[in-house]
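> These protein sequence lines map, in sequence, to chains B and U. Numbering-wise, the numbering used here puts 30 at position 30 of the first sequence, and it's gapless, one number per residue. Numbering-wise, the numbering used here puts 13 at position 13 of the second sequence, and it's gapless, one number per residue.
The reader is advised that the hints may include incorrect statements.
Note that the list lumps identical chains together, so a pair holds whenever it fits in one copy or between two copies.
Derived BS3-like pairs: lysine-lysine, alpha-carbon spacing no greater than 30 Å straight-line [as the list claims (entries may be wrong)]:
hint, residue 1, residue 2
1, K169, K153
2, K100, K149
3, K33, K169
4, K112, K16
5, K33, K161
6, K97, K33
7, K16, K75
8, K153, K100
9, K169, K103
10, K75, K103
11, K112, K170
12, K93, K33
13, K75, K169
14, K153, K170
15, K159, K93
16, K93, K161
17, K33, K16
18, K149, K170
19, K161, K112
20, K149, K93
21, K169, K149
Hints are computed from structural coordinates only; laboratory data are not their basis.
Listed below, chain by chain, are the residues.
2 protein chains.
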Amino acid sequence: MEAAVLRLSHRAERDKRVTTHLGLVARAFGASKLIVTGAKDAHLADSIQRVADSWGGAFNIEFAEGWAPVVAAYKRQGYAVVHLTMYGLPVQKEMQKIRKNRKILVIVGGEKVPFDVYRSADYNIAVTSQPHSEISALAVLLDRFFGGKELEKGFEGWKMKVIPQPCGKKFAEK
Amino acid sequence: MEAAVLRLSHRAERDKRVTTHLGLVARAFGASKLIVTGAKDAHLADSIQRVADSWGGAFNIEFAEGWAPVVAAYKRQGYAVVHLTMYGLPVQKEMQKIRKNRKILVIVGGEKVPFDVYRSADYNIAVTSQPHSEISALAVLLDRFFGGKELEKGFEGWKMKVIPQPCGKKFAEK
Chain B
1 MEAAVLRLSH RAERDKRVTT HLGLVARAFG ASKLIVTGAK DAHLADSIQR
51 VADSWGGAFN IEFAEGWAPV VAAYKRQGYA VVHLTMYGLP VQKEMQKIRK
101 NRKILVIVGG EKVPFDVYRS ADYNIAVTSQ PHSEISALAV LLDRFFGGKE
151 LEKGFEGWKM KVIPQPCGKK FAEK
Chain U
1 MEAAVLRLSH RAERDKRVTT HLGLVARAFG ASKLIVTGAK DAHLADSIQR
51 VADSWGGAFN IEFAEGWAPV VAAYKRQGYA VVHLTMYGLP VQKEMQKIRK
101 NRKILVIVGG EKVPFDVYRS ADYNIAVTSQ PHSEISALAV LLDRFFGGKE
151 LEKGFEGWKM KVIPQPCGKK FAEK
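So here's chain B without its partners, still in its complex pose (with noise of 0.2 Å):
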């Protein structure tokens, strides 16, 4: 299973906040990639690849001039798109029929999104039908596709690590 995500209209001071999230939230739920569309925000690919350089696993982030050329280059290497929209069908009905692709483009939505979008992806997918975040939206989605596996993920080559605790916090650093 695999999965990359595709955020489209980066603001770079508006959406820096949203953004930074969504690329950690990919990371951590088990997707390898993000792209980003709108604005080439330098701090944002900067403080990703922080967090992956000492947090461990290969995860990266680009940046693209338009979605259109991003979604025809995954369809073409056999990914089924994902578009995340509260307008689309429940994530609970549609996932079976999901995961049967092995891999998934989860694209998530800025401020317009181009009716193309809509029209271009295989899944409009909505989890809940209600306004809330593409941040919960894009968690709830990959770990329901990864089937709750992705929380149990090794990251190799880390120099920081959790140490599960009851009460209090313990890192192993090397």
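Model the placement of chain U on the given structure of chain B, informed by the hints.
Frame of chain B, contents of chain U only:
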């Protein structure tokens, strides 16, 4: 099953989007209340309340002076206290125990979480031991706590409602 969410040390300017997302996630994933310590941010309360008014359901936002009296009051009412922290025990291992408590107060930390929060919690819980987002951690915790049933939740008294579509946007309004 019943959940309330306590967000610590909200800062009006810096945290406005993150705390708004937390409130919307709490509501969308079936919690009944968001309690906020830190800045008494009228704009935050207003934007979450407006969503609840339009989209339905019973959801409240409250401000509190300090976290400790809130925790004490919820404990007296029989709530188990679940503190979300990347240093805690894995959600997937602890959830069965947590669900035996039918009511939980979920604590979502702010910038610096006092150690007494760890000590006062019945469960210190990590959603992955990796850095990501309090928004995703809250969503996955509530999704596991409510066993996915929250995704089917109806919101009574709605004025707006999405009619799920395979491709496109459809609303009902009354």
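> The structure should be examined with respect to each hint, and the outcome stated for every one.
The hints, checked one at a time:
1. Taking CA atoms no more than 30 Å apart as the test, K169 paired with K153 passes inside one copy only; the shortest distance there is 20 Å, against 36 Å between copies.
2. Taking the shortest alpha-carbon separations for K100 and K149, both the intra-copy value of 16 Å and the inter-copy value of 23 Å come in at or below 30 Å.
3. For a Cα distance limit of 30 Å, the shortest separation of K33 from K169 qualifies both inside one copy, at 29 Å, and across copies, at 28 Å.
4. For the identical chains of this complex, K112 and K16 are neighbours both inside a copy (17 Å) and across copies (21 Å), given an alpha-carbon limit of 30 Å.
5. Taking the closest pair of Cα atoms, K33 and K161 come within 30 Å of each other only inside a single copy of the chain (21 Å); across copies the shortest separation is 33 Å, beyond that limit.
6. In the homo-oligomer, the alpha carbons of K97 and K33 lie at most 30 Å apart inside one protomer (23 Å), although the nearest pairing across protomers, at 34 Å, exceeds that limit.
7. In this assembly of identical chains, the alpha carbons of K16 and K75 lie at most 30 Å apart only when taken from the same copy (28 Å versus 37 Å across copies).
8. In the homo-oligomer, the alpha carbons of K153 and K100 lie at most 30 Å apart both inside one protomer (21 Å) and across protomers (27 Å), since each shortest distance falls under that limit.
9. Taking CA atoms no more than 30 Å apart as the test, K169 paired with K103 passes between copies only; the shortest distance there is 26 Å, against 36 Å inside one copy.
10. In this assembly of identical chains, the alpha carbons of K75 and K103 lie at most 30 Å apart only when taken from the same copy (10 Å versus 45 Å across copies).
11. Taking CA atoms no more than 30 Å apart as the test, K112 paired with K170 passes between copies only; the shortest distance there is 16 Å, against 42 Å inside one copy.
12. Taking CA atoms no more than 30 Å apart as the test, K93 paired with K33 passes in both settings, with 26 Å inside one copy and 28 Å between copies.
13. In this assembly of identical chains, K75 and K169 lie within 30 Å of each other by CA distance solely across copies; the values are 24 Å between and 43 Å within a copy.
14. In the homo-oligomer, the alpha carbons of K153 and K170 lie at most 30 Å apart inside one protomer (19 Å), although the nearest pairing across protomers, at 38 Å, exceeds that limit.
15. Proximity of K159 and K93 under a CA criterion of 30 Å is satisfied inter-copy only: 25 Å between copies versus 40 Å inside one chain copy.
16. When the C-alpha separation of K93 and K161 is checked against a cutoff of 30 Å, the pair qualifies only between copies, where the shortest distance is 18 Å, while the shortest distance within a copy is 36 Å.
17. In this assembly of identical chains, K33 and K16 lie within 30 Å of each other by CA distance both inside one copy and across copies; the values are 17 Å within and 27 Å between.
18. When the C-alpha separation of K149 and K170 is checked against a cutoff of 30 Å, the pair qualifies only within one copy, where the shortest distance is 23 Å, while the shortest distance between copies is 34 Å.
19. When the C-alpha separation of K161 and K112 is checked against a cutoff of 30 Å, the pair qualifies only between copies, where the shortest distance is 20 Å, while the shortest distance within a copy is 38 Å.
20. Proximity of K149 to K93 under the C-alpha cut-off of 30 Å is found in both arrangements, the shortest distances being 20 Å within a copy and 12 Å between copies.
21. Proximity of K169 to K149 under the C-alpha cut-off of 30 Å is restricted to the intra-copy arrangement: shortest distance 24 Å within a copy versus 33 Å between copies.
Of the numbered hints stated above, none is contradicted by the structure.
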